[in-house]
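Got chain R; can you put chain Z on it based on the hints?
Top line first, the protein sequences correspond to chains R and Z. At position 93 of the first sequence the residue is numbered 95 (our numbering), and the sequence of numbers has no breaks. At position 120 of the second sequence the residue is numbered 125 (our numbering), and the sequence of numbers has no breaks.
Treat the hints with care, since some could be wrong.
Claimed, not checked - Derived coverage of chain Z by chain R (criterion: at least 3 residues anywhere in the stretch with Cβ under 8 Å from a Cβ of chain R; other residues may be distant):
1) 26-38
2) 72-80
3) 83-94
4) 407-421
Said to hold, decoys possible - When the alpha-carbon atoms are kept at most 20 Å apart in a straight line, the in silico SDA-like pairs for lysine to any residue are as follows:
5) K162(R) with V36(Z)
6) K396(Z) with R253(Z)
7) K422(Z) with Q214(R)
8) K422(Z) with S243(R)
9) K159(R) with E11(Z)
10) K449(Z) with M414(Z)
Everything labelled a hint here was simulated from the structure, so no lab data went into it. Computed from a predicted model, the values in this text were never measured in an experiment. Beta carbons: idealized from backbone N, C-alpha and C, even for Gly.
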Amino acid sequence: MRASDLLHPRPEGLYCPSGDFYIDPVRPVERALVTHGHSDHARPGHAKVLATRETLDIMAIRCGPDFAGATQAMALGGKIKLGDATVSFHPAGHVLGSAQISVEHNGLRIVASGDYKRATDPTCAAFEVVPCDVFITEATFALPVFRHPDASDEIAKLLKSTRQFPERAHLVGAYALGKAQRVMRLLRDQGYDRPIYIHGAIARLSEYYESQGIALGDLQPATIEDGDKADFAGAIIVAPSSSFADRWARRFPDPLSAFASGWMRIRQRARQGGVELPLIISDHSDWDELTATIKDTGAGEVWVTHGREEALVRWCELSGIAARPLHLVGYEDEGD
Amino acid sequence: MNRFAELLDRLVLTPSRNGKLKLITDYFRVVEDPDRGLALAALTGELDIASVKPAMLRQLVSERMDLVLFGYSYDYVGDLAETVSLVWPEAPGSRPNHDITLAEVVEKLQAASRSDGPAVLARLLDQAGVSARFAIIKLVTGGLRIGVSARLAKQALADFGTVDVTEIEELWHGLAPPYGELFAWLEGKAPKPEKAAKALFRPVMLSNPISDGDLEKLAPADYAAEWKWDGIRVQAVSEGGIRRLYSRTGDDVSGAFPDVVAAMDFEAALDGELLVGVPSEATGTFSALQQRLNRKTVSVKMQDRYPAFVRCYDLLQLGGEDLRGLAFIERRQRLESFIATLDPDRFDLSPLVAFSGWEQLEKMRSTPPHPIIEGVMLKRLDSPYLAGRPKGPWFKWKRDPHTVDAVLMYAQRGHGKRSSFYSDYTFGVWSGAVGAEELVPVGKAYFGFTDEELKQIDKFVRDNTIERFGPVRSVRADRANGLVLEVAFEGLNRSTRHKSGVAMRFPRISRLRWDKPPAEADRIETLQALLD
Numbered sequence: 003m004r005a006s007d008l009l010h011p012r013p014e015g016l017y018c019p020s021g022d023f024y025i026d027p028v029r030p031v032e033r034a035l036v037t038h039g040h041s042d043h044a045r046p047g048h049a050k051v052l053a054t055r056e057t058l059d060i061m062a063i064r065c066g067p068d069f070a071g072a073t074q075a076m077a078l079g080g081k082i083k084l085g086d087a088t089v090s091f092h093p094a095g096h097v098l099g100s101a102q103i104s105v106e107h108n109g110l111r112i113v114a115s116g117d118y119k120r121a122t123d124p125t126c127a128a129f130e131v132v133p134c135d136v137f138i139t140e141a142t143f144a145l146p147v148f149r150h151p152d153a154s155d156e157i158a159k160l161l162k163s164t165r166q167f168p169e170r171a172h173l174v175g176a177y178a179l180g181k182a183q184r185v186m187r188l189l190r191d192q193g194y195d196r197p198i199y200i201h202g203a204i205a206r207l208s209e210y211y212e213s214q215g216i217a218l219g220d221l222q223p224a225t226i227e228d229g230d231k232a233d234f235a236g237a238i239i240v241a242p243s244s245s246f247a248d249r250w251a252r253r254f255p256d257p258l259s260a261f262a263s264g265w266m267r268i269r270q271r272a273r274q275g276g277v278e279l280p281l282i283i284s285d286h287s288d289w290d291e292l293t294a295t296i297k298d299t300g301a302g303e304v305w306v307t308h309g310r311e312e313a314l315v316r317w318c319e320l321s322g323i324a325a326r327p328l329h330l331v332g333y334e335d336e337g338d
Numbered sequence: 006m007n008r009f010a011e012l013l014d015r016l017v018l019t020p021s022r023n024g025k026l027k028l029i030t031d032y033f034r035v036v037e038d039p040d041r042g043l044a045l046a047a048l049t050g051e052l053d054i055a056s057v058k059p060a061m062l063r064q065l066v067s068e069r070m071d072l073v074l075f076g077y078s079y080d081y082v083g084d085l086a087e088t089v090s091l092v093w094p095e096a097p098g099s100r101p102n103h104d105i106t107l108a109e110v111v112e113k114l115q116a117a118s119r120s121d122g123p124a125v126l127a128r129l130l131d132q133a134g135v136s137a138r139f140a141i142i143k144l145v146t147g148g149l150r151i152g153v154s155a156r157l158a159k160q161a162l163a164d165f166g167t168v169d170v171t172e173i174e175e176l177w178h179g180l181a182p183p184y185g186e187l188f189a190w191l192e193g194k195a196p197k198p199e200k201a202a203k204a205l206f207r208p209v210m211l212s213n214p215i216s217d218g219d220l221e222k223l224a225p226a227d228y229a230a231e232w233k234w235d236g237i238r239v240q241a242v243s244e245g246g247i248r249r250l251y252s253r254t255g256d257d258v259s260g261a262f263p264d265v266v267a268a269m270d271f272e273a274a275l276d277g278e279l280l281v282g283v284p285s286e287a288t289g290t291f292s293a294l295q296q297r298l299n300r301k302t303v304s305v306k307m308q309d310r311y312p313a314f315v316r317c318y319d320l321l322q323l324g325g326e327d328l329r330g331l332a333f334i335e336r337r338q339r340l341e342s343f344i345a346t347l348d349p350d351r352f353d354l355s356p357l358v359a360f361s362g363w364e365q366l367e368k369m370r371s372t373p374p375h376p377i378i379e380g381v382m383l384k385r386l387d388s389p390y391l392a393g394r395p396k397g398p399w400f401k402w403k404r405d406p407h408t409v410d411a412v413l414m415y416a417q418r419g420h421g422k423r424s425s426f427y428s429d430y431t432f433g434v435w436s437g438a439v440g441a442e443e444l445v446p447v448g449k450a451y452f453g454f455t456d457e458e459l460k461q462i463d464k465f466v467r468d469n470t471i472e473r474f475g476p477v478r479s480v481r482a483d484r485a486n487g488l489v490l491e492v493a494f495e496g497l498n499r500s501t502r503h504k505s506g507v508a509m510r511f512p513r514i515s516r517l518r519w520d521k522p523p524a525e526a527d528r529i530e531t532l533q534a535l536l537d
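Only chain R is shown next, with the shape it has when bound in the complex (with noise of 0.2 Å):
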């Protein structure tokens, strides 16, 4: 059977005739497999979910609790039949829950990797090289110039603003799920025991992945309503970036603004969003960690989404492997 028979775009997204589901999809459908929790990914209104434990719980947070008619938590590693396929998940490194989607089916396999990276990362399982024959990759950060330095590093300079500005509030911009905890993990890993503010759009995740094991010492709500500005002085404010153009910014102390992301590697793009701080750090994988994990899989077939999928293709040609830009719509390729 080809490739394609087994797995193909649909408006809904990518779909398994053989098993009648669809992984991520971007439309209510009737059997959905969800990689991770993001909310491009994870969308509420399917008849039935599929998705490790923790993207259940994670979904249900953020959507709601009848987010989906009926679910089914997937263990990672274990084997299920869907029609004529099966189907396992298998740990992809990006955030808690996280998985990759392999989907066999006589004798040819495929992997969905929905977002990933090989790089450590406290908060969640490490990304686990499943070999396949067809290898599906996202390409947030497919372009060379993407090279993530090690995130302690990035978390260092942090702190080092911190005691260079203890005047001045840090506020450090993150995505709610995922990022935010890996950035207040990792400043616990540096001995930051101080209490962190965290804007209320992250307060509920946080207390899951606290639920998870994953602890994240004192977290306070950055309100001022019992106390002053002043309190906030050359503290770390954990909030989505979005938030540090609202209104809501104005409590802190002339704040620094710091930026979370892979992004943050293109000066421009700091310049631009008038971050002061930019701090690399991503749960994406990067040039080298894809390009790695394309070989790694031993994949002789590369199908490339959401992203820069061209710089990624044309690496494929160079080194003698088939790939192809797979065009799904409705994922974010700006998101980290």
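Chain Z in isolation, oriented as in the chain R frame:
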């Protein structure tokens, strides 16, 4: 090198002056000699490294990676130095087991010949990490462009050693990278370096603006008045065959003014205003002077078209005698007889303005005899020449600013304390035929308003946004709806860079005209009439 690279990265994104000073002084504190001195030289533009052309960088990178992938990368990043620093393939085993120092980088680059330059650069890039690669490429392509002036770097030195910046300026031209003796003195480990070099800069005396109530306390008989000329303040020093023309902050600008330097056949230090024109006939505008500024060299044609001269107002040194301790009136007498001995096409005397009382002077100030005059200076007759800006002896009393009623068009978010406020405003005036008017931007201002007014404008911007581009919002601005700003400015220059053809000097918001309908804001012709 990594510490220097980190400093550059932080400086370029840190908007506040105090923040930059803190970053630089911290760097001086933790980094050892000679690296910190070389960094200082890089910041002040004193580092002498043969430059590398962009084409050579492309050549180096094309030998190392697929050009299609490089093309995608460059298209995405948009900056060649940055792209090359990011995509440079790290050859396995090429990184030394220690971080390469700035001193090693500078030494290797300075020792490189024209022919082995590219290979030396490539080897350094192999040895450096990604941030250091960017810093190395910035060093060799010339111009760090990180928003740090030589003046700011000197202020950081002053902060670092808790001395006055004028002390640094005074010493500066006698010192050379990597400034070991300077740092040793600032750290209290060695005495102040001797002023061994000739024709050094003398820190200038500055004035305070006249504010409300000042004049009532001053006796007209104690002061001399002079016109305030709209040029740039310079110091012309010639000693033992060394001739230097310094800017107000001690930067050596001799290279741009060979015509003036050639006429400095004296042993003295003069303080005056650099202007263009022929002193006896015509004094050129500031726009004309700008043709001569910020150049390292200047063509003969340019010198003929815009001849420069110094209109002198003080004499600090004559022969071996330091005159700075004398009273203004005594220095003035010495100046007058000295100027008479100089080339009249290059040096003339800033005349004193006779007046008997403040009211009379006020009349002269508001109707000056020459368009290049921007006000009057008041100098106390018995005052010695003091470095810095002492309160009392010298005042500037500027002509009132021009104002124009303009309409707010775009607003950009500020930084630091203002990062959640739309605090930088682009404003325009009407142009085009009656009935088909449109706004043309004429300037940008980010101060002049109170905190309370800032909140009001911010609210207006948020409530009237029609489009967003990153940190910028475009706001509703038509004949009937919009916010009129009264903008004050010091002068107008012609500009080919702005669609309106004019560029304002020192624009600031002077009043918010909530009461005024946008249709009644000024037209571009009002501004054009102000151009000379």
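Do the hints match the structure? See the list:
no.: 1; hint: 26-38; in the structure: holds (count 3)
no.: 2; hint: 72-80; in the structure: holds (count 5)
no.: 3; hint: 83-94; in the structure: holds (count 6)
no.: 4; hint: 407-421; in the structure: holds (count 3)
no.: 5; hint: K162(R) with V36(Z); in the structure: 15 Å, holds
no.: 6; hint: K396(Z) with R253(Z); in the structure: 18 Å, holds
no.: 7; hint: K422(Z) with Q214(R); in the structure: 38 Å, violated
no.: 8; hint: K422(Z) with S243(R); in the structure: 16 Å, holds
no.: 9; hint: K159(R) with E11(Z); in the structure: 9 Å, holds
no.: 10; hint: K449(Z) with M414(Z); in the structure: 10 Å, holds
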